[in-house]
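Colleague: The lines below spell out each chain.
There are 2 protein chains.
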Amino acid sequence: MSVENTIGKARSKWMEGTGPDNDVVISSRLRLARNIEGYPFPHFMSEEEANHVINAVRLAVSEKAGAKFPVETEFIDLNELSQTERQILVEKHLVSPQHIESPANRAVVIAHDESLSIMVNEEDHIRIQCFLPGLQIKEAWRLADKIDDVLEKTLNYSFCEKRGYLTSCPTNVGTGLRASVMLHLPCLVMTKQLGAMVNTISQLGLAVRGYYGEGTEAYGDLFQVSNQVTMGQTEDEIVTNLLTVTRQIVSQERSTRKVVLKNNKPFLEDRIYRAFGVMSYARVMTAQEAIKNVSDLRLGVELGILKTPAYDQINELIILTRPAFLIKKAGRPLNAGELDALRAEIIREKLSKININ
Amino acid sequence: MSVENTIGKARSKWMEGTGPDNDVVISSRLRLARNIEGYPFPHFMSEEEANHVINAVRLAVSEKAGAKFPVETEFIDLNELSQTERQILVEKHLVSPQHIESPANRAVVIAHDESLSIMVNEEDHIRIQCFLPGLQIKEAWRLADKIDDVLEKTLNYSFCEKRGYLTSCPTNVGTGLRASVMLHLPCLVMTKQLGAMVNTISQLGLAVRGYYGEGTEAYGDLFQVSNQVTMGQTEDEIVTNLLTVTRQIVSQERSTRKVVLKNNKPFLEDRIYRAFGVMSYARVMTAQEAIKNVSDLRLGVELGILKTPAYDQINELIILTRPAFLIKKAGRPLNAGELDALRAEIIREKLSKININ
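Taken in order, these protein sequences are the chains called A and B. So the first sequence is numbered by our numbering: it starts at 1 and just counts up by one. So the second sequence is numbered by our numbering: it starts at 358 and just counts up by one.
No lab work stands behind these hints, which were simulated from the structure alone. Be a bit skeptical, because a hint or two may be false.
Facing chain B, from chain A, some residues (calculated, C-beta under 7 angstroms) [stated by the list, open to error]:
hint	residue
1	Leu166
2	Cys169
3	Leu261
4	Lys265
5	Pro266
6	Glu269
7	Asp270
8	Arg274
9	Phe276
10	Gly277
11	Ser280
Covered stretches of chain A, as calculated for chain B (at least 3 residues, CB under 8 angstroms) [to be verified]:
hint	region
12	107-114
13	337-351
So these bits of chain A aren't anywhere near chain B, every CB distance computed over 10 angstroms [stated by the list, open to error]:
hint	residue
14	Glu37
15	Ala50
16	Ala56
17	Thr191
18	Val198
19	Gln203
20	Arg247
21	Met279
22	Val301
23	Ile319
24	Ala324
25	Ala330
26	Asn355
Backbone N, C-alpha and C fix where the C-beta goes; we use that ideal spot for every residue, glycine too.
Chain A with its partners taken away, still in its complex shape (with noise of 0.2 angstroms):
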């Protein structure tokens, strides 16, 4: 494999569209944060320590060391990529945007499948993260704890018996663990009713945030749910608090759907029709606007009003046509007017290969 195959096509495992309870839940995602023994945080870490680092965790990954990890992996220097490239690894959610902000001496480690990606020196020495499709909290764990065992066969992790695994931020102590589900929350929206519910989310330790993270709009109603605290409770314990308060949020979800193709069909059909309608002919089509129209797809076909694109046509649309994705296509700079056509032109030509009817 080499990082062009990352950073040429627009898929990944978790946007297979496949899993459970998929008509609600796009992806699931578990993260680890580690530190090596001995090294300062990445903050505070010198060039050379921060090379050093990157030198174990190449190590620990490799055959060399007898790793053996459930999927084939490549080890990237942030360095060897061009600005474009690392934005589209944030595009495809496998690196965080702070990780990009500054890539001297830090590194990324992707699966083939890219179902794993290992962030060396963002704010933690070593963040493991696992992506599957649909609701698999429990089984990004499971992959998420095997890459753990295999690097620490090698690496010497900051551990502490009273707190745990010790790490950069304070919220991220102890069991070092973040899980996230991607939901598509559409008629949660339309109806009003996830305002109240983010307040409830809240208060059970849960946070609520857009596409792309902490600081992020939710646009195309897409919305990441994740556990805040990590530290007072086992892995077990945020796993299972974060699938059963999903569950939730999936179930209201479907019954609101339910009533709302109920109640509003023409208008339901009205709106996703027009979405497909105005993808297939705009000329100019700005990131946010596409992602509306996609989520109005996804509608779509989560009603059943629709019967195509699935589901990986659909989140390929997502990424297809973000900046830098554009960017590399392109082969060039492009300013905001040159994207906004591009964009328009890759969605056209995708759903032209679609037939809704």
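Following the hints, complete the assembly by docking chain B onto the known chain A.
Modeller: The following block gives chain B in isolation, referenced to the frame of chain A:
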């Protein structure tokens, strides 16, 4: 010919989309107001007098009286029609909205090709109206003049040597002539030049109105320009004045189109193709949105961005999607939601036969 011909089809001579300057001028219309000597104006007539007038006109247009019209006509008593059918005559501009408000003792003579209609007992005893596609005010006047001559053979018009033709409303006294053109001015609207132009036009004794005349909104970038004064000018002066001003507006719209196309092509293409996309897929559409979208399609053809639909198909779409036409098609009363759904259906069906690419 039966009245079904007129009410069942959405095409009239003026909708052909042909004629001079048809890229801006949809149609030309000329109306002559006439009254019969010895009868009060319609608002003050007894039923008996109204019937006398109706019978006099019925005879005047009949072959028995030796009437030789350049086009075949039919005499229709408004009471013979349903309210929906009368409304269709309004939607096709063959009668005024006022004419059908109280249909008792009122009639209309309609030519088979709908280039001519004669309202009987509207505001005046007789209103001869001629409609032609494109900028053909003189031609419409010539046709109206011929009809006027035919009627005058039998009917004794109220005429005063000093004031000219006497009419119910003083604004029509004199020539009794009102000439108007229907213009499509999307680029003058887009560039906000129309407001200032309307002021100038008013100072030249002309009025600018919306699609259905006095007091109606100007939607779909469609405007009627007509003379305000009927006295103190000869017929020729009125017609020539309107022709001159119209040619100036046409020229201004055309040069603005060139500028807009040069400076904003992607924006224009997007607007036009989106209109096509929405029309091809929407499930619900208000009359107002329909005419806005039709206007955008027309703009696409005017700018050469679209090769189809042809102007006659565009004009037909406007009429086909008016409420009374929809109700007639459904064969039963429709509520607002049903109207919007049927409108969207008819538009989809029509556009599915048009290949714009």
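Colleague: All the hints need checking, so say for each whether the structure fits it.
Modeller: Hints and how they fare:
no.	hint	result
1	Leu166	violated (54 angstroms)
2	Cys169	violated (45 angstroms)
3	Leu261	violated (14 angstroms)
4	Lys265	violated (9 angstroms)
5	Pro266	holds (6 angstroms)
6	Glu269	holds (4 angstroms)
7	Asp270	holds (4 angstroms)
8	Arg274	holds (5 angstroms)
9	Phe276	holds (5 angstroms)
10	Gly277	holds (3 angstroms)
11	Ser280	holds (5 angstroms)
12	107-114	violated (count 0)
13	337-351	holds (count 3)
14	Glu37	holds (57 angstroms)
15	Ala50	holds (46 angstroms)
16	Ala56	holds (51 angstroms)
17	Thr191	holds (19 angstroms)
18	Val198	holds (31 angstroms)
19	Gln203	holds (40 angstroms)
20	Arg247	holds (33 angstroms)
21	Met279	violated (8 angstroms)
22	Val301	holds (15 angstroms)
23	Ile319	holds (23 angstroms)
24	Ala324	holds (22 angstroms)
25	Ala330	holds (16 angstroms)
26	Asn355	holds (13 angstroms)
Of the numbered hints stated above, those contradicted by the structure are hints 1, 2, 3, 4, 12 and 21, listed in ascending order.
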